[in-house]
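Since the structure of chain A is provided, determine the placement of chain B on it from the hints.
2 protein chains.
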Amino acid sequence: MKKGTASIAFKQQPCILGAASVVGSKEGEGPLGKLFDQIEQDDKFGKNTWEEAESELQKRAAQLAIQKAAVPKPAIRYLFAGDLLGQSIATSFGLLEMNIPLFGLYGACSTMGESLSLGSIVMSAGYADYVMCLTSSHFASAEKEFRFPLEYGNQRPASATWTVTGSGAVILGKEGGIAKISGITTGKIVDYGIRDSQNMGAAMAPAAADTIAQNLKDFQIKPCEYDKIITGDLGKVGKTAVIDLLREQGYDIEKQHMDCGLEIYNEQQQNAEAGGSGCGCAAVTLCSYVLRMVEEGKWKKVLFVPTGALLSKTSFNEGQTIPGIAHAVVIEGKNV
Amino acid sequence: MKKGTASIAFKQQPCILGAASVVGSKEGEGPLGKLFDQIEQDDKFGKNTWEEAESELQKRAAQLAIQKAAVPKPAIRYLFAGDLLGQSIATSFGLLEMNIPLFGLYGACSTMGESLSLGSIVMSAGYADYVMCLTSSHFASAEKEFRFPLEYGNQRPASATWTVTGSGAVILGKEGGIAKISGITTGKIVDYGIRDSQNMGAAMAPAAADTIAQNLKDFQIKPCEYDKIITGDLGKVGKTAVIDLLREQGYDIEKQHMDCGLEIYNEQQQNAEAGGSGCGCAAVTLCSYVLRMVEEGKWKKVLFVPTGALLSKTSFNEGQTIPGIAHAVVIEGKNV
Chain A
1 MKKGTASIAF KQQPCILGAA SVVGSKEGEG PLGKLFDQIE QDDKFGKNTW
51 EEAESELQKR AAQLAIQKAA VPKPAIRYLF AGDLLGQSIA TSFGLLEMNI
101 PLFGLYGACS TMGESLSLGS IVMSAGYADY VMCLTSSHFA SAEKEFRFPL
151 EYGNQRPASA TWTVTGSGAV ILGKEGGIAK ISGITTGKIV DYGIRDSQNM
201 GAAMAPAAAD TIAQNLKDFQ IKPCEYDKII TGDLGKVGKT AVIDLLREQG
251 YDIEKQHMDC GLEIYNEQQQ NAEAGGSGCG CAAVTLCSYV LRMVEEGKWK
301 KVLFVPTGAL LSKTSFNEGQ TIPGIAHAVV IEGKNV
Chain B
1 MKKGTASIAF KQQPCILGAA SVVGSKEGEG PLGKLFDQIE QDDKFGKNTW
51 EEAESELQKR AAQLAIQKAA VPKPAIRYLF AGDLLGQSIA TSFGLLEMNI
101 PLFGLYGACS TMGESLSLGS IVMSAGYADY VMCLTSSHFA SAEKEFRFPL
151 EYGNQRPASA TWTVTGSGAV ILGKEGGIAK ISGITTGKIV DYGIRDSQNM
201 GAAMAPAAAD TIAQNLKDFQ IKPCEYDKII TGDLGKVGKT AVIDLLREQG
251 YDIEKQHMDC GLEIYNEQQQ NAEAGGSGCG CAAVTLCSYV LRMVEEGKWK
301 KVLFVPTGAL LSKTSFNEGQ TIPGIAHAVV IEGKNV
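Line order of the protein sequences matches chains A and B.
By the numbering used here, the letter at position 238 of the first sequence is numbered 238, and the numbering carries on one by one without gaps.
By the numbering used here, the letter at position 149 of the second sequence is numbered 149, and the numbering carries on one by one without gaps.
Just to be clear, a hint being listed does not mean it is correct.
[To be verified] With a cut-off of at most 20 Å between alpha-carbon atoms, the simulated SDA-like pairs for lysine to any residue come out as follows:
| hint | chain 1 | residue 1 | chain 2 | residue 2 |
| --- | --- | --- | --- | --- |
| 1 | A | Lys313 | B | Lys313 |
| 2 | B | Lys44 | A | Asn48 |
| 3 | B | Lys73 | A | Thr5 |
| 4 | B | Lys313 | A | Thr314 |
| 5 | A | Lys217 | B | Ala75 |
| 6 | B | Lys144 | A | Ile39 |
| 7 | A | Lys174 | B | Thr5 |
| 8 | B | Lys34 | B | Gln268 |
| 9 | B | Lys217 | A | Thr321 |
| 10 | B | Lys217 | B | Arg247 |
| 11 | A | Lys44 | B | Glu318 |
| 12 | A | Lys144 | A | Arg195 |
| 13 | A | Lys44 | B | Asn317 |
| 14 | B | Lys174 | A | Gly4 |
| 15 | B | Lys313 | A | Asn48 |
| 16 | A | Lys313 | B | Pro149 |
| 17 | A | Lys144 | B | Ile243 |
| 18 | A | Lys313 | B | Ala9 |
| 19 | B | Lys313 | A | Thr49 |
[Claimed, not checked] Per label pair, the in silico range of CB-to-CB distance:
| hint | chain 1 | residue 1 | chain 2 | residue 2 | range |
| --- | --- | --- | --- | --- | --- |
| 20 | A | Glu225 | B | Glu248 | 52 to 60 Å |
| 21 | A | Pro74 | B | Asp129 | 30 to 38 Å |
| 22 | B | Asp42 | A | Gln155 | 23 to 31 Å |
| 23 | A | Pro74 | B | Glu254 | 30 to 38 Å |
| 24 | A | Gln155 | B | Leu150 | 48 to 56 Å |
| 25 | B | Gln41 | A | Asn154 | 37 to 45 Å |
No wet-lab data here; the hints were simulated from the structure.
Yeah, the Cβ is synthetic: ideal placement off N, Cα and C, and Gly gets one too.
Chain A extracted, bound-state conformation:
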């Protein structure tokens, strides 16, 4: 462990055996629509509340990932999961019937990076044969939790992002599969003093820049060694900021940079303001588009960096800043 580093290069590299993405109707109509495993037209997913709908999303993604990875459910030793809702209730109720030991996580929208990081640590240490890493978000449950009830019909500024209704789940195993995880870089809390909960891209960009710079430094590589550097949900405002912040530190990621929030909706036609956001945004883009490109060998090595904004309704109402956090995962093709 070199001092000042925050990364791990795995000797035993965990393999991604399978991944599943389940989304709502709006995501299904977007540019990645054809790549998702399941698109549900009923945004309540047959349930009575938005929270139950989000639990159902996680449940379906988990079941589908197990099917796609062709792993018997009892062989999965641990779940690493969380969501955006207070006390992670989408996860608690969504994964109840799994009957698998759970490490509950909170990393705001960086959760997919955090869950893959901890899952990879456990796998590479030899403490499990299989683990599942997953997360979710739902537009309506998130609006209710963080902003206004939908019925209020508030106006949204251009810097606001649109929380993705979706859940992504990944099964890690020891061998085989479609991709492997070769390293991780764990993020610190970074606070640039942003206080506008309708401009979370600006709040999260400093954390993304910090983690990406740390990754490049720890592994002593240049941005061009990645085919893509993929942030979670910075959106339009945050994309410019993260590129600028890294340029100030001497790293040019403009060519490699991709933001899941800018991939998931059609900017011209879907009225999603600055882009998509939420834990589900990075998770479903990973479990559809990103892993497919890696599996097909079009991208050999990518840095997946979901980004989280650390706020609650209470902290916002009390005038607190919105710190950010970002957790990076190095994903490589099987034949690298």
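Just chain B now, with coordinates in the frame of chain A:
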């Protein structure tokens, strides 16, 4: 990894180098008062809001643990932390200035068990020289988050527990220190259909019983091999339930059982109804009383099982049940 097990026995056993406990005035007046590192008479901890007070609690416990373990702060590679508040804001703002990579956790009041479990995995896998595991709760921020504003002055039933104002922090290292962690058992979500948020002992007892039984089965040992089996915050109602539930499965833990919630307040004089609760309850009892007894050799081997109730204001208001989860950590003296 044997199928059906949920435990790890560590070959490289992480050592507890130091631990710190910071509490509020009520906890300071209780039976463990003399054992806490810091008792603050101002329940707002010099801050403007209850949430900031809770952040200050975590910050102080973290700083004190670093001092007591005599580890340079930059050598601590990861923080494993969380709290009870929506979006874990006590942690986000309390640990901001630490500038150490953070894995944010949500395990409700089982968080100290979860953080010690993940911290131990990372240590025993050789991915860090030092890590810090911590959590907190605050009576006033928890009442506001889960029940009623304090100003409302609601009556509390006899089954209600009193959220502990306190934070406990533990530094793990490779050698030396006051105790070691020899194993863990990770809990599943367990739901017995309890819906009363003023009776969380009953909601959590089934999860505690499940994890304790799993631990005894996985390690093939009897309850009497532990000097103490220590649940987090079951209180009076939950204590009876966990003993009864385990007896039904053929395990008698009555002699060994101790509940942190029943240790922290004086039942006759302190008016804490069924006992103490909250993430901080198990954490500060561990970091004061439990670790002292282990260090002094009075207890050679204990099973520390913090228990969490998985609910939010929203899930409660929507009529959901309150599932529980419990994470067990086997703590042994250095000279065992």
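Evaluation of the provided hints:
1. Between Lys313/A and Lys313/B the CA atoms are separated by roughly 13 Å; this keeps the pair inside 20 Å, and the hint holds.
2. Taking the CA atoms of Lys44/B and Asn48/A, the gap is about 40 Å. The hint is violated against a cut of 20 Å.
3. A threshold of 20 Å between alpha carbons decides the hint, and for Lys73/B with Thr5/A the separation of about 14 Å falls inside it, so the pair holds.
4. Taken as a hint, the Lys313/B and Thr314/A pair is honoured in the structure, with Cα atoms around 13 Å apart against an allowance of 20 Å.
5. For a cut-off of 20 Å, the pair hint linking Lys217/A to Ala75/B stands: about 18 Å separates their Cα positions.
6. With a C-alpha separation of about 38 Å, the suggested pair Lys144/B and Ile39/A falls outside the 20 Å cut-off, and the hint is violated.
7. For the hint linking Lys174/A to Thr5/B, the alpha-carbon distance of about 18 Å falls within 20 Å, and the restraint holds.
8. For the proposed pair Lys34/B and Gln268/B, the alpha carbon gap of about 19 Å is at most 20 Å, so the pair holds.
9. Of the pairs offered as hints, the one joining Lys217/B and Thr321/A is violated, with about 47 Å between alpha carbons and a cut-off of 20 Å exceeded.
10. Restraint check: the Cα-Cα separation between Lys217/B and Arg247/B comes to about 14 Å, which is no more than 20 Å; the hinted pair holds.
11. Taken as a hint, the Lys44/A and Glu318/B pair is honoured in the structure, with Cα atoms around 15 Å apart against an allowance of 20 Å.
12. This hinted pair checks out: Lys144/A and Arg195/A have alpha carbons roughly 19 Å apart, not beyond 20 Å.
13. Between the alpha carbons of Lys44/A and Asn317/B the distance comes to roughly 18 Å, so the proposed pair stays at or under 20 Å and holds.
14. Straight-line distance between C-alpha atoms of Lys174/B and Gly4/A comes to about 19 Å, which keeps the hinted pair within the 20 Å bound.
15. Of the supplied pair hints, the one linking Lys313/B and Asn48/A holds, its CA atoms being roughly 17 Å apart against a limit of 20 Å.
16. Straight-line distance between C-alpha atoms of Lys313/A and Pro149/B comes to about 16 Å, which keeps the hinted pair within the 20 Å bound.
17. Only pairs whose Cα atoms come within 20 Å are accepted, and Lys144/A paired with Ile243/B is rejected, the gap being roughly 40 Å.
18. This hinted pair does not check out: Lys313/A and Ala9/B have alpha carbons roughly 41 Å apart, beyond 20 Å.
19. For the given pair, Lys313/B sits about 14 Å from Thr49/A by alpha-carbon distance, which is consistent with the 20 Å threshold.
20. A hinted range of 52 to 60 Å for the beta carbons of Glu225/A and Glu248/B is consistent with their spacing of about 58 Å.
21. Under the hint 30 to 38 Å, the C-beta atoms of Pro74/A and Asp129/B, about 36 Å apart, fit the expected range.
22. Judged by the Cβ atoms, the range 23 to 31 Å given for Asp42/B and Gln155/A is violated: they are separated by roughly 42 Å.
23. Here the CB-CB span from Pro74/A to Glu254/B is close to 32 Å, well matched to the stated 30 to 38 Å.
24. Checked against the given bound of 48 to 56 Å, the beta carbons of Gln155/A and Leu150/B, roughly 35 Å apart, lie outside it.
25. At roughly 43 Å, the beta-carbon separation of Gln41/B and Asn154/A lies within the given 37 to 45 Å, and the hint holds.
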